[in-house]
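Protein chains: 2
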Amino acid sequence: MHLAHWNIIDRSIVYSDHQLDIKMKIEEKCINTIRCLAIDAVEKANSGHPGTPMALAPAAYALWMKHMRYNPSNPNWINRDRFVLSNGHASMLQYAILHLVGYKISLDDIKNFRQWGSNTPGHPEYRLTPGIETTTGPLGQGLMNAVGMAIAEAHLAAIFNTGTYNIIDHNTYVFCSDGDFMEGASNEAASIAGHFGLGKLIVLYDDNHITIEGNTSLTYSDEVSKRFEAYHWHVQNLGDKGNDIKAISEAFSNAEKVSDKPSLIILRTHIGYGSTNKQDTSEAHGSPLGVDEVKLTKENYGWPADKFFWVPDEVKSHMNQAIEKGKMLEEKWQKKFGDYKIKFPDLAKQLNASLHQDLPAGWDNKIPVYQPSDGPKATREISAGVINAVTLSLPWLMGGSADLEPSTKTLIKSSGYFEKGKYGNRNMDWGIREHVMCAASSGMSLHGGIRPYAATFFIFTDYARPAIRLACIMQLPVIYGITAKNIVDTANKMLSSRH
Amino acid sequence: MHLAHWNIIDRSIVYSDHQLDIKMKIEEKCINTIRCLAIDAVEKANSGHPGTPMALAPAAYALWMKHMRYNPSNPNWINRDRFVLSNGHASMLQYAILHLVGYKISLDDIKNFRQWGSNTPGHPEYRLTPGIETTTGPLGQGLMNAVGMAIAEAHLAAIFNTGTYNIIDHNTYVFCSDGDFMEGASNEAASIAGHFGLGKLIVLYDDNHITIEGNTSLTYSDEVSKRFEAYHWHVQNLGDKGNDIKAISEAFSNAEKVSDKPSLIILRTHIGYGSTNKQDTSEAHGSPLGVDEVKLTKENYGWPADKFFWVPDEVKSHMNQAIEKGKMLEEKWQKKFGDYKIKFPDLAKQLNASLHQDLPAGWDNKIPVYQPSDGPKATREISAGVINAVTLSLPWLMGGSADLEPSTKTLIKSSGYFEKGKYGNRNMDWGIREHVMCAASSGMSLHGGIRPYAATFFIFTDYARPAIRLACIMQLPVIYGITAKNIVDTANKMLSSRH
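Protein chains in written order, with my numbering: chain A, 11 to 509; chain B, 11 to 509.
Derived by calculation from the structure, the hints in this document are not laboratory data. Hints are supplied without guarantee of correctness; some may be wrong.
Given that identical chains are not distinguished, each listed pair holds provided it fits within a single copy or across any two copies.
Said to hold, decoys possible - Derived BS3-like pairs: lysine-lysine, alpha-carbon spacing no greater than 27 Å straight-line:
(1) Lys-236 to Lys-267
(2) Lys-54 to Lys-387
(3) Lys-326 to Lys-256
(4) Lys-236 to Lys-430
Construct the entire structure; sequences and hints are all you get.
Listed below in structure tokens is the structure:
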């Protein structure tokens, strides 16, 4: 198999490896390490998804080595860039990258991919693995979570940044697949992100033309650029440049410069890239390549076929630079935050309170008290009283409804609606989009600094069920306000219409 | 209030009414009757949604009086045009129209709107009310059902039409709202309808700028034309012509001529049209106008404010023409079908079998029989055997999965995939769109002539829960194939990884 056609990494500069004389530019060597870790891990587990890590390794390399700001030694640094793998089945891509840039994921962890009790399960799981920002797998969820993260960033930035001291100032990056974009969830996420103009949300769309049943042409032909432009996104279509880290990096740079619109980067890739018999087929999606095919593929990469889970020293030292770089990034931020504490002590105190969400003394002083003699009162009316009492002393509490506020009674009266240019406001109107309401509320919670609530009628929680399930699995403290207004109305009607 | 600005119905021809001297063109008189029936019914029930019926009455009049082919005396005529009110909260629009064109909905039924036990509930309910094709209310569902109806039409047409005898040849019309288009469901429905090129699906989008929490600009700014063009729809944007039945009718005519793409007609309307104080406000959405406002509104229409549930004789006789017209339409079709039975007896027999779905003798002869001695076998493998045995003798059984066929094992091996230009095929690949899979399968069942099945992994049914719930409420015989592959895999893995 001749890969030259679209393997357009510049090979003019050849690096050598002292263990093995692999003549390959360091970037390509890193990328092939990612690919082969994914291939080997899936092969050893005899289960998993090798094809997408093989295709997206260059994009992941470009993003993590040239763009993202993070500190592998402190995965919880509040101002880190977020990364969400919405196509969570490609988990080995993320585990390989996290391992190589120095997060606490060992090579043994990689070897235990998909094993019971390991920290490298089949799909990324929040709380289990350092560097995993959210649990993904069910398609569309990661993208919606990321919208919430970008909302949280915009909200906190509006409140805490002073111009000179931009304490909250980071991007949220997402990798998405055809599946994410076929799910209805992508409409809700993209529509509201575009409407809010979330400029720090940057999505790379892995356009690989392959689904489980075959070519996407069986069922899918959206003009994705046009669709996202209609949602007011900034769109770049890179075409068939899945291996061109320079082009990919430029696209990320362009996206980072756009501050008033979320960005979409469309990248045509080849699932199972480099596999002689399985590239561009659905066979590369969700099954191990098989011993013979692994050998052929590694040969195509110019990789030693008899090495497994191999990380060349040069790759390790090159990618481990992220550790020092990350420490410096956070130190620089900590220094800035130290100065900020001095110059803006009230804001700094409020930010810390928002991050830790300790309840201040007297936070519940103003909660209204009801007596039986007050007569009957709808629980949503009582809830409204409580929300408006506690939000006065808990500035990190915010949320809203899926266009039902007059019924759910969830408005914070002391604030306005979160809108483009009014990111400091605390009321969310999600529109008639229950699914993104719940999933993005999870993203806001995952981001930190916010305790979100989301409200709708009980029956409409059905629309958000996958997101609510994931919030439960992640043990997120999202507050759901469920109004059973229609049930009560119907019951009243039944009673009143009796003879 | 001066309505001349956009009440652009031509008043040059004035009709008179012998009961009351209302000088008004007959079309406008019919439209105001629809409006006032909706207003009065909501007022009497003290509950409901008057604003949208007031806004969409002209469009509904144009569609039902100038375009749709139906027979009020036989709501089940198989070749009728289908109408789906996806914004089901505007139910009074549909009840008023159905009453006026002669379906078995009496004026007393209208007066019993939203009363316990009536056939005019708050949202349209299938099986309860003649002429209601599907239960709507939860937004997005009707649109997805309609996609299934259009699929069913295309499939049956491909099998049974002979060119000279187009036995199945009808349109599926939908009214949609902002809410339908904000829901993720609209992405799944529009994407797959555009991909399949369902030319007989015609959707009117009621673009009224208002949601419950206020103006749609709070949360929604999609460029809808562009978005639907990106899904390969034929799009017409009529602008502010909600009262221009000529323009609306022309748009329907244009849409009917497009055979290879679904059509979207964007109509800017004014919710609560004609109400002095509530037009263009969310107050007109979901509450009665109130006695004083009803009076003002009727005066604005040039309507007697002291008349309630008033249907002028002239309106009744004009709109009742639909009864005779409908009888003639069906009679003509029955005659054609009579000739068809003679010329194509096998096809006619098969069509009847598909419509009645009686099981032919020996339909289950080829179902494989397993013995305990055969050893363990996955239920989905057994299911595959059954599907492929019974589909040989049951040509009306069709369906598929949301891109999981290799796991759900639901392929009918004797047929290909349903695709644009291959509508006779029986395998559906819905893409990674569980919600429209289930809701459109409901639509296929509602259409008649097909017994659909839909398959996915158990956990992904969460994505389709609102559609499955409605299918249950409607008692639709849709077959769900739920694969618990992942559960089994995980259990096996847990067992195998034990020491």
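Structure-based check of each hint:
1. Lys-236 to Lys-267: both (21 Å within a copy, 25 Å between copies)
2. Lys-54 to Lys-387: So Lys-54 and Lys-387 pass the 27 Å test across copies only (26 Å; inside, 61 Å).
3. Lys-326 to Lys-256: within (21 Å within a copy, 71 Å between copies)
4. Lys-236 to Lys-430: This pair counts as both: shortest intra-copy Cα distance 22 Å, inter-copy 22 Å.
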